[in-house]
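Student: I would like the entire structure built from these sequences, with the hints used as guidance.
Number of protein chains: 4
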Amino acid sequence: MSGINLASDNATGASERVIAAIAGANGGAQAAYGADDYSLRAERLIGEIFECAAKVQLVATGTAANALALASVTPPWGAVLCHAEAHVMDDECGAPEFFTHGAKLVGIPGAGGKITPDGLRETLTRFPRGAAKSVQPTVLSLSQVTEAGTLYALDEIRALADLAHAEGLKVHMDGARFANAAISLGVSPAALSWQAGVDVLSLGLTKTGALACEAVIFFDEALHQDMPYRRKRSGHTLSKGRLLGAQAVALLEDGHWLELAAHANAMAARLSQGLAALPGVRLAWPTQANEVFSILPARIDDALRQAGYSYYAWSSGALMPGERVGEDERFVRMVASFETKPEGVDALLAAAKAAV
Amino acid sequence: MSGINLASDNATGASERVIAAIAGANGGAQAAYGADDYSLRAERLIGEIFECAAKVQLVATGTAANALALASVTPPWGAVLCHAEAHVMDDECGAPEFFTHGAKLVGIPGAGGKITPDGLRETLTRFPRGAAKSVQPTVLSLSQVTEAGTLYALDEIRALADLAHAEGLKVHMDGARFANAAISLGVSPAALSWQAGVDVLSLGLTKTGALACEAVIFFDEALHQDMPYRRKRSGHTLSKGRLLGAQAVALLEDGHWLELAAHANAMAARLSQGLAALPGVRLAWPTQANEVFSILPARIDDALRQAGYSYYAWSSGALMPGERVGEDERFVRMVASFETKPEGVDALLAAAKAAV
Amino acid sequence: MSGINLASDNATGASERVIAAIAGANGGAQAAYGADDYSLRAERLIGEIFECAAKVQLVATGTAANALALASVTPPWGAVLCHAEAHVMDDECGAPEFFTHGAKLVGIPGAGGKITPDGLRETLTRFPRGAAKSVQPTVLSLSQVTEAGTLYALDEIRALADLAHAEGLKVHMDGARFANAAISLGVSPAALSWQAGVDVLSLGLTKTGALACEAVIFFDEALHQDMPYRRKRSGHTLSKGRLLGAQAVALLEDGHWLELAAHANAMAARLSQGLAALPGVRLAWPTQANEVFSILPARIDDALRQAGYSYYAWSSGALMPGERVGEDERFVRMVASFETKPEGVDALLAAAKAAV
Amino acid sequence: MSGINLASDNATGASERVIAAIAGANGGAQAAYGADDYSLRAERLIGEIFECAAKVQLVATGTAANALALASVTPPWGAVLCHAEAHVMDDECGAPEFFTHGAKLVGIPGAGGKITPDGLRETLTRFPRGAAKSVQPTVLSLSQVTEAGTLYALDEIRALADLAHAEGLKVHMDGARFANAAISLGVSPAALSWQAGVDVLSLGLTKTGALACEAVIFFDEALHQDMPYRRKRSGHTLSKGRLLGAQAVALLEDGHWLELAAHANAMAARLSQGLAALPGVRLAWPTQANEVFSILPARIDDALRQAGYSYYAWSSGALMPGERVGEDERFVRMVASFETKPEGVDALLAAAKAAV
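Respectively, the protein sequence lines represent chains A, B, C and D.
The numbering used here puts the last residue of the first sequence at 601; the count rises by one with no breaks.
The numbering used here puts the last residue of the second sequence at 601; the count rises by one with no breaks.
The numbering used here puts the last residue of the third sequence at 601; the count rises by one with no breaks.
The numbering used here puts the last residue of the fourth sequence at 601; the count rises by one with no breaks.
Check the hints yourself; a few may be wrong.
Copies of one chain are not kept apart here, so a pair can be met inside one copy or by any two copies together.
Listed below are the simulated EDC-like cross-link pairs for lysine to aspartate or glutamate, each with C-alpha atoms no more than 16 Å apart in a straight line [unchecked claim]:
hint, residue 1, residue 2
1, Lys378, Asp336
2, Lys378, Asp471
3, Lys598, Asp407
4, Lys586, Asp573
5, Lys598, Asp547
6, Lys586, Glu504
Treat the hints as calculated values from the structure; they're not laboratory data.
This structure is a prediction, so every number in the text was calculated from the model and none was measured.
Tutor: The structure is reproduced here in structure tokens:
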């Protein structure tokens, strides 16, 4: 069994440049707790890349990044509006609730993993503003790439952010796969974040190619004010901060992070096109970044599993209107990473074809 | 200015073996979220080293390790009894309160950073057991090495643990410098922990020689039951768990962690003896591990600072009876690490001697 | 404008017997913090009425009763399954999240305000048991009377409770209008609670006829163990506990609470039948307790408002299949209380009829 | 055994005017959740009495009042500085920690239950401002009357408040016995609160003569902004708010609360003078309000207990310098209330005298 692992983009290690950077940062004394040269350099790089004077906190996990970001923009009696199947809703064991001291996450349904302005508007009407019996909407959290592997276009983000801001909400972006989105849309990091109305961004680097590094980026400095206390208090301030700083610098310098994401996207496109061309296979959602969601005949799934390929069986309430998974079909997610090789994709496609 | 950095044992990077292990673990796919081969191997190693079937959770920071450990043994209405100057009390921005949902940390004074049975007994009497108006003592947290760089002897730990257990409390050990303690006392990890009555141990590896790796070790499996949820919920479950696992394995295999700690202890002893031999210098507390607390004539402190040496000015309410810092004196802490060189220590001592 | 107030059963004061009991309990010294004779007597009465050795905590509000009850049966990483429009979900400003330290409330849709076994089953499948990334279902919370004024039959409760217990969940009942339900169904308090599978009950007395008194009743004594600390810690332990005890005794003795509820139910039935007989009026849900939900022609609503009647405009996602509120219609809730008079109901009906 | 109960001023019921007011407020419909006429009238009365446009929240317990007040002025990483034996520290089962989501209460020692400017200054130095490893001092909480039954003079409050404000802290006053303090000092409520630098006051009415009513008074309106959500979320918003409003109005109108407090103070003075005149008896602290703390020969204590008198055995770390309780002595607290009768006091004194 030698099939490649497409379970997630966190099944791999890190880019070699990241490993080299960790090793390279190891010598000599450095200030502790995030005041090291590498962390400071990472913050400067982010400022350059995002074309603004953002405040940054590096942490080791996406869960921490999202939860800290949300805690900076909602009180405990706030409501965080997000897609019904968002990662913050389903996959973080209530971390947002823990860090926000009990704010309520409110799921908005939407086909293809995307919130629509109508969906947002309708949800907002359920919470009487200023009535003490009700939690108060305080944040809109958008996932870009979404849980369905799809993307919001710039004007879609802008429309949702405008609506949110008009109602007094802040806008958070869960950018666990932000680089894949930027590459796919062909837009700058600035355009995809604060210029589109994002107030605070969880910039994921781990899935892109780090071992453990995420950046919480505050485009509004005031929102950052309490963050050092929140980060320390939650145990996310590494004493040897160079571990985070070195990873971030390695990825962000010279566009390395975007190159890695571009490769992962290309591998996903190759996989997606190959699968979609097979009889009986269809895509559940369009492949817009590095994740491929497909509905396979059972015998293809069985053959791939038997050949040692790893990927997740999926389920979702956000299938496109009219779509459903048949009795003899399997709904699966395959994720390409910076390490995925074209030969590996082609071998998978050949194995699938043989099973048709 | 080229003096060595003795500010803390977290000003350095990691042991070269740790860096090599991180690089070596980088290839190929691994299960995510702590189910990787390296994390599993670390758990097995800990079981062997501690001579028991302990349950283990790896995390990246000592603050997380302590706070998660405490949350496993106290409800929100519990009182955590610790030394008045313990790290959990003063240096973690309330992380124990955050993770325990508001338990109360109660400081017990004690000369030399150590809790005495009398001090513990007296503190226990302040909390009427079973009276709902009062928080209830639930945990005794001991720091080994203490904040004063001193050590509890085995029978001292046992006496305190017996007292705590008799009152229904669990015993936590903050072992941020556990290796230094074990080496200095010449006892086994098992003897220093569960055999002496410790129920849950925060085993520090970062200060010993990792970049970011600590292990919460539960000697009572029942206490571990909720830990996977608590760790995930607090954002401390790394997706690429190999980063933690590889560090732990590199240190724990072949006694590497103990070698590093032995070296740090030896350097501290060399520094301590040299300082104490200088006229006008005295040790605030005996040097029992890798930290040297001394009271220096101001001119020595000034000379060392000017020569570029880094270390912390200190203050404490736990000085030995009768001790005080004079007008022209400075109370300072110097910490040796696995990287401290004998030549560096000797140079410092020479600079100090020249200033006498 | 002299129309009666049907906004809620908390717009009234208390039954005269309650007021007399408060006055009667005022003389003399009593032990503080719930150890007074009246509170103890209330607990004994509850044991008799519920035919079991239940543990009881009296508090002043339904929000506190529900939130404390839920906190006794779920850890912070638990999921509380309840109807999508349950009071605990929408009307308590996140109190359950506050008291449980961030557990997640998960809404199950259901026509007529009721959860069905299928709805419960489907929701349970969304949470992978034992997977640390997911909150874990720990409690099923049923509202009896529901938010739609409807009732679960005994066998419906039993079926849901069996399903919940089989999955390891505890069962909570929000009984803000428990007396109305017991009277309407013609069953004993025991049959409607622990005999049907309820583990912890929030027994509402305020809406029934107290000024401010609710009882959290634990049918499983083990669940009660931490309650004194939780109640005190949340500020819900009244120092002059007689205020709560006297109210509870006044209502629970001689079936006074049931008499009051029977009257309220009868008034609601009178109102419901009268409204339903008017042309153009229909009931949104059947009137099974003391709340009447109707869809009125706009001109009737306008006439009643103008005549000074108070009641809430309503909205719900739990209308019966096929039902909808037309353009010229109004969806409203009217609530009868122990104080509602037949003449008042008849006058309202006459005013409505005149407006047809 | 017919001795009077001096255990606490919450062992009694309420003033007859309070009971009459509760009964008088019972008729007719009122808006729910604190928007009733009585609660609104109470707020206006407080504005008049305190000579300012204060915002007010009524709650049923002192624990809730203190905890809500503190939560309005500190983030979770804040430190609440209070006397080492303050009620918020020792007697509320961690309610402040619960409501503030884990802020740290820091006890300042001080003879006679009082914080001194030196004590405050010294404590402030222990927390490095702006250092993320340390919780940040955010509130000074003063108890007036103190836990030792003593009083801060106006200029003492002002000095402490000035010091606190200069360091960026807010000032909270736990006024569980505020009326007793105002009467004893002969100053106006305004002078004793905001004019002396208090930002938020927990005004106790329960001990004064209510059944269950306290007011949280915000002299800075901005601090009040989140309070409706915090109150609701903690279950402290009574649906039939008239219960609280009627009590507050009954006490605050025509100075009734001050009359009741004056009586209690007078009874305490009578008791204090009588006891102090007995051979072998001495006061632990001066009697400045309605509490008498005395050190009695054991045989007097025994005789009083045998005669049925109720009061608390006491202990404290805040005895005056040089004071200690001898082997054959007992340290006790006796509290007079609005109901305490001169004859009762005299009978106690006679019984004590007989035991000499």
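Student: The structure should be examined with respect to each hint, and the outcome stated for every one.
Tutor: Hints versus structure:
no., hint, result
1, Lys378 <-> Asp336, "between (28 Å within a copy, 5 Å between copies)"
2, Lys378 <-> Asp471, "between (27 Å within a copy, 13 Å between copies)"
3, Lys598 <-> Asp407, "neither (46 Å within a copy, 47 Å between copies)"
4, Lys586 <-> Asp573, "neither (30 Å within a copy, 63 Å between copies)"
5, Lys598 <-> Asp547, "within (12 Å within a copy, 68 Å between copies)"
6, Lys586 <-> Glu504, "within (14 Å within a copy, 42 Å between copies)"
When the structure is compared with the earlier hints, violations turn up for hints 3, 4 and for no others.
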